[in-house]
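Asker: One-letter residues, chain by chain:
There are 2 protein chains.
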Amino acid sequence: MGQTPDWVKQLKPSGPQGHELLAAERSKSTLPVAKLSELIHTKEVLERRARILEILKSEQVFDKSQNYFKGRIERFEAALARAKKLRSLRVKHGWNLQEYRTASDLISEPGPYGLHDSMFLVTIGEQGTPEQRDFFLKRAENYEIIGCYAQTELGHGSNVRGLETTATWSPQDKGFIIHSPHLTASKWWIGSLGKTANHAIVMAQLIIAGKSYGPHPFVVQIRDLKTHEALDNVHVGDIGPKFGYNTMDNGFLLFNNVKVPYISMLARFSHVDPSSNQYVRRGSPSLVYGTLTWVRSTIVMQAGSVLARGVTIATRYSAIRRQFQDRDAPESEKGENPVLNYTMVQIRLLPLLAATFALHFTGTRMMQMYQQNQEKMSIGDANKDSKRGPGPEETSIGSDILADLHATSCGLKSLSSTIAAEGLEVCRRACGGHGYSSFSGIGPWYADYLPTTTWEGDNYMLTQQVARYLLKSARSVLSSQPPTNDTTRILHNYHSRADIGCAFDILSSDSDIVDAFAWRISFLTFEASKHRDEQKKPWNDLLVDFYRLSKAHSQYMVVKNFHEALQSHDTISQVDSETLEVLKKLYRLYALHTLEQEGSEFYASGAVTVKQISLARTNAVMKLLKDIRPHAVRLVDSWAFDDWVLDSSLGREDGKVYEDMFYRASELNPLNQITVNPYPESAVLFKKDEREERRSKL
Amino acid sequence: MGQTPDWVKQLKPSGPQGHELLAAERSKSTLPVAKLSELIHTKEVLERRARILEILKSEQVFDKSQNYFKGRIERFEAALARAKKLRSLRVKHGWNLQEYRTASDLISEPGPYGLHDSMFLVTIGEQGTPEQRDFFLKRAENYEIIGCYAQTELGHGSNVRGLETTATWSPQDKGFIIHSPHLTASKWWIGSLGKTANHAIVMAQLIIAGKSYGPHPFVVQIRDLKTHEALDNVHVGDIGPKFGYNTMDNGFLLFNNVKVPYISMLARFSHVDPSSNQYVRRGSPSLVYGTLTWVRSTIVMQAGSVLARGVTIATRYSAIRRQFQDRDAPESEKGENPVLNYTMVQIRLLPLLAATFALHFTGTRMMQMYQQNQEKMSIGDANKDSKRGPGPEETSIGSDILADLHATSCGLKSLSSTIAAEGLEVCRRACGGHGYSSFSGIGPWYADYLPTTTWEGDNYMLTQQVARYLLKSARSVLSSQPPTNDTTRILHNYHSRADIGCAFDILSSDSDIVDAFAWRISFLTFEASKHRDEQKKPWNDLLVDFYRLSKAHSQYMVVKNFHEALQSHDTISQVDSETLEVLKKLYRLYALHTLEQEGSEFYASGAVTVKQISLARTNAVMKLLKDIRPHAVRLVDSWAFDDWVLDSSLGREDGKVYEDMFYRASELNPLNQITVNPYPESAVLFKKDEREERRSKL
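Line by line, the protein sequences give chains L and Z. For the first sequence, counting from 1, position 221 maps to 221 in full-length UniProt numbering; every step adds exactly one. For the second sequence, counting from 1, position 70 maps to 70 in full-length UniProt numbering; every step adds exactly one.
Hints in this document: simulated from the structure, not taken from any laboratory. Please note: incorrect hints may appear among the correct ones.
Chain copies aren't distinguished; within one or between two, either way the pair holds.
[What the hints assert, rightly or not] Simulated crosslink set (DSSO-like; lysine-lysine; CA at most 27 angstroms straight-line):
no.	residue 1	residue 2
1	Lys623	Lys697
2	Lys211	Lys12
3	Lys259	Lys472
4	Lys626	Lys537
5	Lys697	Lys70
6	Lys64	Lys611
7	Lys92	Lys12
8	Lys259	Lys9
Nothing here was measured: the structure is a model prediction, and the numbers come from that model.
Extracted from the complex, chain L is given alone in its bound form:
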């Protein structure tokens, strides 16, 4: 556009400039930002990221400057172009999967190959036979066939058993007939299906001789490999615009008695014997159990980083945005106050800043534990294979820890993605009016993140699994079995001390805080056990209690893991004692702020007194806000988001907030290439459209 007049170009923001204000913030603290970044990300990851970022920045197709202005179709178009380029860069630079994922993360938008790259390839790899892997995988890895994973239907989400699509065994053809008997059988929400995929893994009810054997995966071609038009008797398309995720072509898919060959059914764990026409199971997909735990742990760890983007933007902007004077400031200091100085802003942002670290360390430790347990188990398996076999106790502890990890990961997935999603919205609002502009960068990011609260287990549904596990653990403790993992350990401890009570010094002892969280979840668990197992209350009447139970357990896990991470050699060896002290303050802020928010449960459990809760709020938390305040900007700096990644006027590392807002509005905004006719008498809407003129010149 470039129509900005010279007199405008010469204008600068009033008062101290953004970069001066951020420099002042950074000089208030001596936290070693680079060291802290390494603690969070590791040196290896930071280096990989920097290397790949440079490549991406040099490619015009990844330029983000028009992202916020584009409509649905243009956004999808750009995302498809980027997906193609990313693929060619992968080939060119020989990137491994990790490097490829890093590049996707840096681009920070869902892309049309998203489900091909993940679920399509993974499912064939895990559930296909060697022949099927040969047949499908190579072509898929070369993008000759492009796939997606079609499970969810218009009428069914979380309840996989209720799927309506059928795959009927045809003894004559020795193949299957895929069919959608109802409108609600239409596959729906399927990523990469709407426009991009030519194949789909279709989850369908397997039917042999009129009998249903439950949902099974089928690899089905849906579009012509040349024309890319839908095949006969296949109806497929994009499901339309969404709250976010609009660079992805989530699709629908219906079949009208489509015949597919024998090889379509992924047959590693079960198949139809073509000679006997019988269903045959071979082995069980038990690894899925572990994979889901792994995926959920990843979501926990990512939640910290997802939230950190919003916190980074809001914290930096709050250090620059000035508003009103401090009522009580002496006359000599009556300048306008950066809003980060207001306690009402601090109480919204700093506990979230603490949460970014809490979630990050929790996710990391979950993954470590998972890995350690996998190793233990594989040694166990190896021992079994060598016919020596472990003692019975050893295996039971191993599997009890896995069950604990599984339940824990369900609850933590629910809690952490809820914290991240809701926290982002808090950050957006903490930016005041400008938070509402797309240029804040928070709104679009929030909108794209929201599905995480629904997929890999709906955040409400998952809590029932946690409750079920806790009830089972309570039964085991009540029947005097010895503790086999952390959950039964804390329940056992509570049970043996419930009559004596407890006395936790939450205001002075970091480990007593962990114990108070353990006490409260144990109390709630035995309460729930009483309601369900003794009073036989209906399951449905207890769902709200179960949700609270899961939340309380997950909060305990976050507090415990954060606390342990700060005691670990790994952390202590990487940072100086002053930095460690700031991290401990973040720990206390996260824990005490959570404790105060959930005050009545803590009080009811007897873990703390009302006086302690009140002191936590009015003294401890307020004091921690003051103590952490000077480090806020350096702490968000340590998350090390590049400006290119944040794509935010408000969150710029150099503080040029107003210059960037203005530049985007005045120079980049295509609506400003239009002059309207504003008068109601005229039917003409646009008097002049420079976009048309430009297009016609091309």
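Put chain Z on the given structure of chain L with help from the hints.
Answerer: For chain Z alone, coordinates are given in the frame of chain L:
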């Protein structure tokens, strides 16, 4: 498009159809929906709405079917066309302001004339001299000049005193020079300014002979009346895309020493004497005080209806969406369960359903009280005029009630718009995966509503005003002055009984619930008074407490007003006793659910015991959910939203959820007119674009 194959068109959703499920819901309750609608809206409003709706539906320009698919520029284009048509309909049908507003509400999107129709006309009317009204108003009412209200700047929002734009008195020209000294002086967020307005009311610091007299309003022409191009030394444009509100052209505006004539400064309350070059004040804009109270009361009342759209959609859809079986159901009833039967869904939706009524009745009563007080005051004024004069007590009560109304409306605006905004998001998520689709209708509505939490007083900032008022009231009670309004009455009551304590039977008495809310806010007020007035804590350290104070006071007001509304003759005369009993259950649900959420404050104040809070949660609230559940669909029906207004697949009155989702995706979605080339080797993105073909045929 219409490429949907015949075999697809014949498909129906599986199981009981949506209309059957909703019919079953409606048959479970005998609530008289039409009667209840009249209680909420009045017969007059319902009739007006129906009449205007019919007109709008018959005009192609108001067709909503492409709304969710359009990009920013197309949406603005459609909104401008609609604004023009609406204006011509107003002229054609001779609509008064109320009818015009009704039409805008039914269209339910912000439009480019929005600020012209409201703030521009109102401000000239209220703050202009008779000459200025002559000069500007008539042309504005005829849309020869189209205006906006330019207050907020890039660097300043809530703090009006900090505005940077200057209007310097020029003694030579007897006029003013409007100037933007810094980039941050740019007007920003100004509705209708970006593309539409040719005039703006510019709030600028009035400067005479180097001295500043604070912000004053100036009517300034900014675009040429014929070409609609920006005038020389004016830089104006649209600020770019936002989280919502994208049909509105929020704009920016900079001036480079632009001369404007004497008549530009709106001079009803102050002016510059052209002969002496002196600033002259005449009268004070005290009516603004009342107007703001009125505007905020409107926001409170609207909040109920805004939220009711989301609750309507989520409730209807939850009656249709079935998922899993009830674990405890007998084998014979093992069908899939509508999710509205799950307590975890009920606890999210039904308290919000109760909130829609609570906010509606509160807003209505606030407006009644305001009107009554205005009438009283004008009698007082008339008495004063006739030199008789009221007794001193009478006037002080009148103004004390006004002060109370003012503070109350601040707090209620903050609470109610927060409840509505956050409640809408809860409704959206309660719809599960489909809530994320634009076709749910909740997401776009939520996104457009969000600015309400910031404008007419930021929801956080406002709470300081409430706290200030409560502190003042506490001081008055502590100095033994007699109560003059409800606030001082409840504070006085608490103060005189604090030593004795209280014993509220919140589980059996509806009025005791109100008293418990009064007790808690009184307790918190005297606590805050102790911190500020006795211990002299800094204001900034108390902001978080003040926020809680305001929230507690507003919750008391909502509970009190809801309770009173259900006792009033107006209500009792309109509905039968059974309906009244359901409304009372909604009252109890709203009040007890709120009480339980804020349990620790109620407990700390001594208003209730821990046992009572626990019983409220586990017994009373759960019982109320069960009792209200059968009436849920009829209750949302009584809000009487037309399908055309809701524009939601999930919220359809006839329950055709899946048919409508599918129709919009398969038939209306323009992305499905494109066939892509999905292979990474090819630089071609679109193989075929039927939109192009169609366009070239035109």
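Asker: All hints are to be evaluated individually against the structure, with a verdict given for each.
Answerer: Hints versus structure:
| no. | hint | verdict |
| --- | --- | --- |
| 1 | Lys623 x Lys697 | neither (63 angstroms within a copy, 70 angstroms between copies) |
| 2 | Lys211 x Lys12 | between (75 angstroms within a copy, 23 angstroms between copies) |
| 3 | Lys259 x Lys472 | neither (46 angstroms within a copy, 79 angstroms between copies) |
| 4 | Lys626 x Lys537 | between (47 angstroms within a copy, 15 angstroms between copies) |
| 5 | Lys697 x Lys70 | both (21 angstroms within a copy, 25 angstroms between copies) |
| 6 | Lys64 x Lys611 | neither (52 angstroms within a copy, 57 angstroms between copies) |
| 7 | Lys92 x Lys12 | neither (44 angstroms within a copy, 49 angstroms between copies) |
| 8 | Lys259 x Lys9 | between (66 angstroms within a copy, 21 angstroms between copies) |
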